[in-house]
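Q: Sequence:
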Amino acid sequence: MRLIADVDTGIDDALALVLLAARPDVDLVGVSTTTGNTTAARAARNSAAVLALAGRPGVPVWTGSGRPLVVEPETTPQTHGDEGLGRAALPDASGALHPGDPITGLWLPQLRAHPGETTLLVTGPLTNLALALRAEPRLPRLARRVVIMGGSFNHPGNTLPTSEWNAWCDPHAAAEVYAAFEGLPAERLPLVCPLNVTETVELRPGVLDGIAGRIGVDAPHLGPDAPRPGAPSRTGSALFDLLIDALRFYFEFHADHGCGYLAQVHDLLAAEVAVGEPLGARAEALWVGVETGAGITRGTTVADVRRLLGRAPSARVLTDVDPAAAIDALVRAVVSLSTRGGGAGTGRGASAVAEGLAT
1 MRLIADVDTG IDDALALVLL AARPDVDLVG VSTTTGNTTA ARAARNSAAV LALAGRPGVP
61 VWTGSGRPLV VEPETTPQTH GDEGLGRAAL PDASGALHPG DPITGLWLPQ LRAHPGETTL
121 LVTGPLTNLA LALRAEPRLP RLARRVVIMG GSFNHPGNTL PTSEWNAWCD PHAAAEVYAA
181 FEGLPAERLP LVCPLNVTET VELRPGVLDG IAGRIGVDAP HLGPDAPRPG APSRTGSALF
241 DLLIDALRFY FEFHADHGCG YLAQVHDLLA AEVAVGEPLG ARAEALWVGV ETGAGITRGT
301 TVADVRRLLG RAPSARVLTD VDPAAAIDAL VRAVVSLSTR GGGAGTGRGA SAVAEGLAT
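Each residue of the sequence shown is one higher than the one before, counting from 1 in UniProt numbering.
Derived from the structure by calculation, the hints contain no laboratory data.
Accuracy of the hints is not assured; some may be wrong.
[To be verified] Estimated spans, in silico, between C-beta atoms of each pair:
(1) Gly295 with Gly236: 47 to 57 Å
(2) Leu308 with Asp27: 41 to 51 Å
(3) Arg138 with Ala312: 10 to 20 Å
(4) Asp218 with Asn154: 38 to 48 Å
(5) Gly66 with Pro115: 27 to 37 Å
(6) Arg311 with Arg234: 49 to 59 Å
Every residue gets a Cβ at the ideal spot worked out from N, C-alpha and C, and that includes glycine.
Please model the entire structure based on the sequences and the hints provided.
A: Structural data, given as C-alpha cells:
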C-alpha cells in the first residue's frame, strides 16, 4: 500500500515510523512534518534519522508548516525532550530532507497521479491536512483513506481538561478538516484515533526487555528506581538504542504526571490502524466539531453521539482496539528491523513480550 505520513516527530511518532519502515507491504512515498511535539524543522530531522536507522534512508522528508493556521505555535519539550526524541542521539540524515512545500511537492502530485491509492496518516496537528484541503478540495476522494491521531471524546484531555494536544495546537485546522469531510460517504470519512482509545495502549519497560532477549542484546535497567538521566544505551543496535533513550524520557514524563512508569503510544496505534494491523478495531461514523475559541475549552473535540444536531457524519471515530495486539505489532517491527531480515516472529515469543503490558 502507498502511504504518506504527516508527523511531528516526537517519541510516539518515531515508533509509528519504525512500524511503517518494518512493513514490506507499505510503500512509504514520503514524510511531511508540522509543528507540534517539536518544531516542523526538528521533526523533519528526527524523522529522517529514525528512517535511516530503520533501514529506509531513501524516503524523502519534507518540512511542512511551521505555524498553525491562526494561533501561535507551541511545542512540548517537557513531554518529548528539547530535541523531540528524549535523550536519544541521532545520526545526521539531512540528505533525506527535501526542499519545498510538501503540499504542492508531495501530497497533491502523489494523490493526483495515483487517485484512490494513497493513504494519508496524520499524527500531528492537522495544519498540513487543512492546507492541502484548501488547495485541493477533492482530496477526500483522491486519497485511499485518511487516518488521524487526535481529539478526545467523553474523556479527559491531556493539554486542557477536555483538550487533546494535536487538536489544541491547531484547533482551526482541525475544525476545517472535519467540516470538509461532512456528509461524504462513510468510506471517504477520516478515521480518527482519539485519546480515549490511544491511552489504552501502554508500553512498559518489560516489553523492551523482551525485545532485547529476542534480538540478543542486554537492555539497560529501566524502572522508577533507575537513575536520571541515565547513561546512553549501548546495546549494539543503533535503532534499539534510539528507542531506549527516547522511551526512557517518555517513561519518566508519564511517571511524573501520575500515569505510572510507562508510555502511552498514541501515534503508533494510528500507524497500525492505517496499515491494517489486526487490532480488533471498531469505529462509529459521527459528526465531529472542534472548539476554536480561546480559553479552557480550546481544542475540545465534540462527537454528536446521540445525533442531537441533525448533522451528517464528518469522521469515523475509533472506539475500541486490542491494546496487547498493538504492542505485539511494535515488537515484531523492532525485532524484524534489528535483525535485518531475521524474521519478525509471530509466535509465542512475540506474544509473551506483548504480555509485558501487565508487568
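Q: It remains to establish, for every hint, whether it holds in the given structure.
A: Hint-by-hint comparison with the structure:
1. A hinted range of 47 to 57 Å holds for the C-beta pair Gly295 and Gly236, which are about 51 Å apart.
2. Between Leu308 and Asp27 the CB atoms are about 42 Å apart, so this pair conforms to the stated range of 41 to 51 Å.
3. Between Arg138 and Ala312 the beta carbons are some 18 Å apart, a value that agrees with the proposed interval 10 to 20 Å.
4. For the hinted restraint 38 to 48 Å between Asp218 and Asn154, the CB-CB distance of approximately 43 Å keeps it satisfied.
5. In this structure the supplied range 27 to 37 Å holds for Gly66 paired with Pro115, their Cβ-Cβ distance being about 30 Å.
6. In this structure the supplied range 49 to 59 Å holds for Arg311 paired with Arg234, their Cβ-Cβ distance being about 55 Å.
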